[in-house]
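K.L.:
Here's the letter readout for the chains.
2 protein chains.
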Amino acid sequence: MHGGSIYGTKIRHDFSVNINPMGFPVSLWPKLAFSISKIRNYPDIECGLLIEKIGENFGIASGRIVAGNGATQIIDAAIQSCRDKTALCIVPSFTGYKNLLEKNDFICENICLSREDDFSCNEKILEKIKDRIRESKPGVVIVANPNNPNGKVVPLEILREIDNECLRAGSIFLIDECFIELTDSPQENSYFSSMSTDSKTIILRAFTKTFAIPGIRLGYGICSSDLIANGLKNKIPEWSTNVLAQIAGVHCLKNQGYLNKARKVIFTEKSFLSKELSSAGFKVYGSDGPFILFETDVGFSLYEKLLSRKILIRDCSDYEGLDGKFYRVAVKRHKENKILIKTIREVLKNEQA
Amino acid sequence: MHGGSIYGTKIRHDFSVNINPMGFPVSLWPKLAFSISKIRNYPDIECGLLIEKIGENFGIASGRIVAGNGATQIIDAAIQSCRDKTALCIVPSFTGYKNLLEKNDFICENICLSREDDFSCNEKILEKIKDRIRESKPGVVIVANPNNPNGKVVPLEILREIDNECLRAGSIFLIDECFIELTDSPQENSYFSSMSTDSKTIILRAFTKTFAIPGIRLGYGICSSDLIANGLKNKIPEWSTNVLAQIAGVHCLKNQGYLNKARKVIFTEKSFLSKELSSAGFKVYGSDGPFILFETDVGFSLYEKLLSRKILIRDCSDYEGLDGKFYRVAVKRHKENKILIKTIREVLKNEQA
Chain D
30 MHGGSIYGTK
40 IRHDFSVNIN
50 PMGFPVSLWP
60 KLAFSISKIR
70 NYPDIECGLL
80 IEKIGENFGI
90 ASGRIVAGNG
100 ATQIIDAAIQ
110 SCRDKTALCI
120 VPSFTGYKNL
130 LEKNDFICEN
140 ICLSREDDFS
150 CNEKILEKIK
160 DRIRESKPGV
170 VIVANPNNPN
180 GKVVPLEILR
190 EIDNECLRAG
200 SIFLIDECFI
210 ELTDSPQENS
220 YFSSMSTDSK
230 TIILRAFTKT
240 FAIPGIRLGY
250 GICSSDLIAN
260 GLKNKIPEWS
270 TNVLAQIAGV
280 HCLKNQGYLN
290 KARKVIFTEK
300 SFLSKELSSA
310 GFKVYGSDGP
320 FILFETDVGF
330 SLYEKLLSRK
340 ILIRDCSDYE
350 GLDGKFYRVA
360 VKRHKENKIL
370 IKTIREVLKN
380 EQA
Chain R
30 MHGGSIYGTK
40 IRHDFSVNIN
50 PMGFPVSLWP
60 KLAFSISKIR
70 NYPDIECGLL
80 IEKIGENFGI
90 ASGRIVAGNG
100 ATQIIDAAIQ
110 SCRDKTALCI
120 VPSFTGYKNL
130 LEKNDFICEN
140 ICLSREDDFS
150 CNEKILEKIK
160 DRIRESKPGV
170 VIVANPNNPN
180 GKVVPLEILR
190 EIDNECLRAG
200 SIFLIDECFI
210 ELTDSPQENS
220 YFSSMSTDSK
230 TIILRAFTKT
240 FAIPGIRLGY
250 GICSSDLIAN
260 GLKNKIPEWS
270 TNVLAQIAGV
280 HCLKNQGYLN
290 KARKVIFTEK
300 SFLSKELSSA
310 GFKVYGSDGP
320 FILFETDVGF
330 SLYEKLLSRK
340 ILIRDCSDYE
350 GLDGKFYRVA
360 VKRHKENKIL
370 IKTIREVLKN
380 EQA
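Note that the protein sequences, when read in sequence, are chains D and R.
To convert, count from 1 in the first sequence and add 29; that's the working numbering.
To convert, count from 1 in the second sequence and add 29; that's the working numbering.
One should not assume that every hint holds.
Same chains, same names: a pair is fine if it fits in one copy or spans any two.
Below are the BS3-like pairs computed for lysine-lysine, each with C-alpha atoms no more than 25 Å apart in a straight line [what the hints assert, rightly or not]:
id, residue 1, residue 2
1, 364, 67
2, 312, 39
3, 371, 339
4, 304, 339
5, 312, 367
6, 67, 339
7, 132, 67
8, 166, 354
9, 166, 304
10, 60, 264
11, 127, 264
For the record, the hints were derived by calculation from the structure and aren't laboratory data.
Please read all numbers here as calculations on a predicted model, not as lab measurements.
Based on the provided sequences and hints, a complete structural model is requested.
P.N.:
Right under this line is the structure:
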């Protein structure tokens, strides 16, 4: 579990949450402070201005865009709009899918990425995925791009083939791109330009991670057609996206320069962290996202040891296909990353002494 | 439809939304302004502090309380946690129930309150309700107390009998008390003290109306048992209640004095509005809530006429059991109420000229 743990325990450095390490754009502070009086009104039920601005950003009409109370609500709506209560997931991946599928009484089939292939979604896996879609025609197929917890981007050719297979099977294809804007080449990595209006494809995005505002809850879906978007909208309760989230979203979209800067920081710091974690003796998996998966063979819980030093990392033992040897850390700013590495080295030294 | 319409049209006075006419407690402004940095963290997934404070307010343990993204989310969760996709509703009532039931593919049976009995939920209706519960054993029975759009409180004996019948039928009994804190005697009117741990009863409350913060989205349910509460929690997606909503909720709960003041204003102004609407020739229905239902026999749309004068009232023609002759207005502060009455008189004069 990520995100909630800071409320129960005293944490000084939270490496369990993967959000933009630059924090939210500073100009958002006064923008929201001066907008507080707006909470006296119901939110715009259509999220009109926000959706218009997202549309402009992608160069598409508003009809294909659905906003919601965090990416979680968009996933929930996508699941609820399925023809059948069956899903196909690639694992290990974001545990939130499983939670939402269970909440909606879905039967979920998993296809395991292979540790030997660095958990990458490659041609070998593709054949398995296509076979399963053909055979079980699931209500929804969920793929994260980049995948979480390993951070690997899924090649567009692979996504295209899954999309085609979903089209034939009548399955919804949900591509979770919540982290894509924090990869090096968001535009090249995104499936957006490959979307076909015939398919039932939904690309998921979140302001949460991209602009470091998880507290305010804002996510959206880009659908392959108005029809799919309307299906989602029908499943979202009225006034779900709060007033301040809508204002924050419109404001953040203007801050593309800040995103460029953030990507540079993530690139440099990811390389620093990877090198340091490797040199500390861990197996580090390659990541295109703002976080790193690594594997240990130490005989103790690194999670517990760091927690007692007020550092929270993601223990990946609850990920389908992983175990207690796997941890994930967010890429943060240099000062904090150095503290993480220093503390890990201290822990290792103490334990090996 | 209420609430959203202010975004499409230029409205000067919105009488379509029934919220505390005093506006939110002024101290909430600095509280939220100084809390904006908290949006950098995920919300407390358990809403721990907020739920603790609500529990203290009612003198019950936290386990029976569920917080959510507006009352809407609590209703949605209650519906989703039903054994069967069938519902029994009393109409006319809040149109949101129907929307959420449809979203969840429910079959809904309606029992009509009678215009002749001023749409009150009385002994005559009770027998019909009990019969239908016995016969069709619906997944959920929904009653608003006070009812919306007429504002009449439902006598506790009636609620108790419905609750007992629901218990026998295994139905969830959802009592929407979103407006009860804006009635004269919230404690006496509320079903809270009558709740039995054996039943599957949920009392719905909303900060939205009580504290005039519809933009921030905060509602909660008080359940008859931990079991029912857990059923609801399982249906609410993670991190649904945003950080600022949780902070606002905790802050508002401290402002009981402000609520007393608001109730006095509503009492005085409701009496003023009722008298004036009656004297303008409308049939005015008695209300215990912060809004008034009235009926016209004028040959034009009062809604349209007022809208062209930048005043928004609630056209009740989409309420099951009502038609285009019915309108609902919120009770606002004296200055605005006077403007409403003055404008209505002008419209009537113009039309009758």
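K.L.:
Determine for every hint whether it applies to the structure shown.
P.N.:
The hints, checked one at a time:
no.: 1; hint: 364 <-> 67; in the structure: between (37 Å within a copy, 21 Å between copies)
no.: 2; hint: 312 <-> 39; in the structure: neither (29 Å within a copy, 60 Å between copies)
no.: 3; hint: 371 <-> 339; in the structure: within (13 Å within a copy, 64 Å between copies)
no.: 4; hint: 304 <-> 339; in the structure: within (23 Å within a copy, 64 Å between copies)
no.: 5; hint: 312 <-> 367; in the structure: within (19 Å within a copy, 73 Å between copies)
no.: 6; hint: 67 <-> 339; in the structure: between (37 Å within a copy, 19 Å between copies)
no.: 7; hint: 132 <-> 67; in the structure: neither (33 Å within a copy, 28 Å between copies)
no.: 8; hint: 166 <-> 354; in the structure: neither (34 Å within a copy, 51 Å between copies)
no.: 9; hint: 166 <-> 304; in the structure: neither (43 Å within a copy, 64 Å between copies)
no.: 10; hint: 60 <-> 264; in the structure: neither (31 Å within a copy, 34 Å between copies)
no.: 11; hint: 127 <-> 264; in the structure: both (19 Å within a copy, 13 Å between copies)
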